[in-house]
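K.L.:
Please model the complete structure; the sequences and the hints are all you need to start from.
Residue numbers (the numbering used here): 46 to 420.
Take these hints with a grain of salt, some might be off.
As the list claims (entries may be wrong) - Each computed DSSO-like pair below joins lysine-lysine, with the alpha-carbon atoms no more than 30 Å apart:
1. K140 <-> K230
2. K362 <-> K57
3. K66 <-> K159
4. K349 <-> K161
5. K184 <-> K230
6. K140 <-> K76
7. K161 <-> K230
8. K159 <-> K184
9. K66 <-> K161
10. K76 <-> K66
11. K142 <-> K125
12. K159 <-> K350
Said to hold, decoys possible - Derived CB-CB ranges, DEER-like:
13. D88 <-> D179: 18 to 24 Å
14. H139 <-> G258: 29 to 35 Å
15. D170 <-> G258: 34 to 40 Å
Honestly, the hints are just simulated from the structure, not real lab data.
By construction, the Cβ of each residue, glycine as well, lies at the ideal position given by its N, Cα and C atoms.
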Amino acid sequence: MPAGITELHGVKRADIHRQVKRLIHDMVNIKDSTGEFLMTLEDGRVIDTKGWGDWEWTHGIGLYGIWKYYELNGDPADLKIIEDWFRDRFEEGHKGKNINTMAVFLTLAYVYEKTKNEIYLPWLDSWAEWAYHDLPRTKYGGMQHITYLEVNDQQLWDDTLMMTVLPLAKIGLVLNRPHYVEEAKRQFLLHLQYLFDAPTGLFFHGWTFHEGGHNFARARWARGNSWLTIVIPEFIELLNLTGDDALRSHLINTLEAQCAALVPLQVENGLWRTLLDVPESEGSYVEASATAGFAYGILKAQRKKYIGKEYEAVAVKAVNAILENISPEGELLNTSFGTGMGHDLQHYKDIPRTSMPYGQAMAMMALVEFLRVFV
Numbered sequence: 046m047p048a049g050i051t052e053l054h055g056v057k058r059a060d061i062h063r064q065v066k067r068l069i070h071d072m073v074n075i076k077d078s079t080g081e082f083l084m085t086l087e088d089g090r091v092i093d094t095k096g097w098g099d100w101e102w103t104h105g106i107g108l109y110g111i112w113k114y115y116e117l118n119g120d121p122a123d124l125k126i127i128e129d130w131f132r133d134r135f136e137e138g139h140k141g142k143n144i145n146t147m148a149v150f151l152t153l154a155y156v157y158e159k160t161k162n163e164i165y166l167p168w169l170d171s172w173a174e175w176a177y178h179d180l181p182r183t184k185y186g187g188m189q190h191i192t193y194l195e196v197n198d199q200q201l202w203d204d205t206l207m208m209t210v211l212p213l214a215k216i217g218l219v220l221n222r223p224h225y226v227e228e229a230k231r232q233f234l235l236h237l238q239y240l241f242d243a244p245t246g247l248f249f250h251g252w253t254f255h256e257g258g259h260n261f262a263r264a265r266w267a268r269g270n271s272w273l274t275i276v277i278p279e280f281i282e283l284l285n286l287t288g289d290d291a292l293r294s295h296l297i298n299t300l301e302a303q304c305a306a307l308v309p310l311q312v313e314n315g316l317w318r319t320l321l322d323v324p325e326s327e328g329s330y331v332e333a334s335a336t337a338g339f340a341y342g343i344l345k346a347q348r349k350k351y352i353g354k355e356y357e358a359v360a361v362k363a364v365n366a367i368l369e370n371i372s373p374e375g376e377l378l379n380t381s382f383g384t385g386m387g388h389d390l391q392h393y394k395d396i397p398r399t400s401m402p403y404g405q406a407m408a409m410m411a412l413v414e415f416l417r418v419f420v
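P.N.:
Pasting the structure below:
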């Protein structure tokens, strides 16, 4: 690449940095002014899934988005946002261990690795031990997608790989506990076995071992699919799986099948629909957070040489769509709210769109990965 290049594919590097900073500012200042998106637990406690000052998977993805930008720019202000969040949440105490609340520990493991702040060690140890030993399991030992509100007995979800399995693997590496890493590998294989839809190359949102076993609405839901697009290259890189590794080959083959399936499903404006293979005329709608996840995973997989350059145009088109969906205030538009398991496709069509920390973060991740083409 020529020295000093500042623009590629019609996108200026300075504009990307400006938009990432806007996304961060908006994310840490999001407010649920109406209370519409508050989550009330059985014991009366309330979880603010939208605002920055609480603890849910939404914040886990948000933290990871900031961390990705910090990895690139080294700005102490970004690290401070992350460490301040952990300081405040640890002072308040957690509200329960589950698949989703585990998500924040992916970022904390990276922060501990960077800072060696021993205050973080008991938290990493306690939560990883819970995930390894005490997290409820499905048939065949899958991590059951237990949340604040639902036990989700005998259910496997796409989301689990991002929210709990990836953090467990990272903690295993940081704390030198190889049994965590092996468990993470096993979870990847089991989830792929039950969630991958071979005829389409896409993933179903979930699987239950009840009722003879089925994939619920057989929804090929966009954000669920995007978690796979993200976690597969993340996992291969994290574990440094080499070219002759059988798990690496299996993961790359699966990712390639998904990428090939995504190409014809991309809408002309660069986005993908929330139900990937359901047209807007039938109630699906374009969704930006999943689009950002797809862009991130494809760009990273290309950079790491896991897949070829044939998907570059699709990823660049998605990046441009993300930029077009960032408001002047820094909000990622067309972000669907947190989505539980649907027993019919209408469930996904009815999910409202609103600004959420994970939408901001997934946009950040895609833009930061795109920034690496300037490096």
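K.L.:
Each hint: holds or not?
P.N.:
Taking the hints in turn, this is what the structure says about them:
1. Between K140 and K230 the alpha-carbon distance is near 28 Å, which keeps this suggested pair within the 30 Å criterion.
2. Pair hint K362 plus K57 holds up; C-alpha atoms about 15 Å apart against a cutoff of 30 Å.
3. The straight-line distance between the Cα atoms of K66 and K159 is roughly 22 Å, inside the 30 Å bound, and the hint therefore holds.
4. Restraint check for K349 and K161: the C-alpha separation of about 28 Å stays at or below 30 Å, so the hint holds.
5. With a CA separation close to 17 Å, the supplied pair K184 and K230 stays within the 30 Å bound.
6. Distance check on the hinted pair: K140 and K76 sit about 20 Å apart at the alpha-carbon level, within 30 Å; holds.
7. Only pairs whose Cα atoms come within 30 Å are accepted, and K161 paired with K230 is accepted, the gap being roughly 26 Å.
8. Of the supplied pair hints, the one linking K159 and K184 is violated, its CA atoms being roughly 38 Å apart against a limit of 30 Å.
9. Restraint check for K66 and K161: the C-alpha separation of about 27 Å stays at or below 30 Å, so the hint holds.
10. About 18 Å separates the Cα atoms of K76 and K66, which keeps this hinted pair within 30 Å; it holds.
11. Only pairs whose Cα atoms come within 30 Å are accepted, and K142 paired with K125 is accepted, the gap being roughly 25 Å.
12. Restraint check for K159 and K350: the C-alpha separation of about 26 Å stays at or below 30 Å, so the hint holds.
13. Range check, D88 to D179: Cβ separation about 20 Å, and the 18 to 24 Å hint holds.
14. The supplied range of 29 to 35 Å is met by H139 and G258, whose beta-carbon atoms lie about 33 Å from each other.
15. Checked against the hint of 34 to 40 Å, the C-beta distance between D170 and G258 comes to roughly 35 Å, which is consistent with it.
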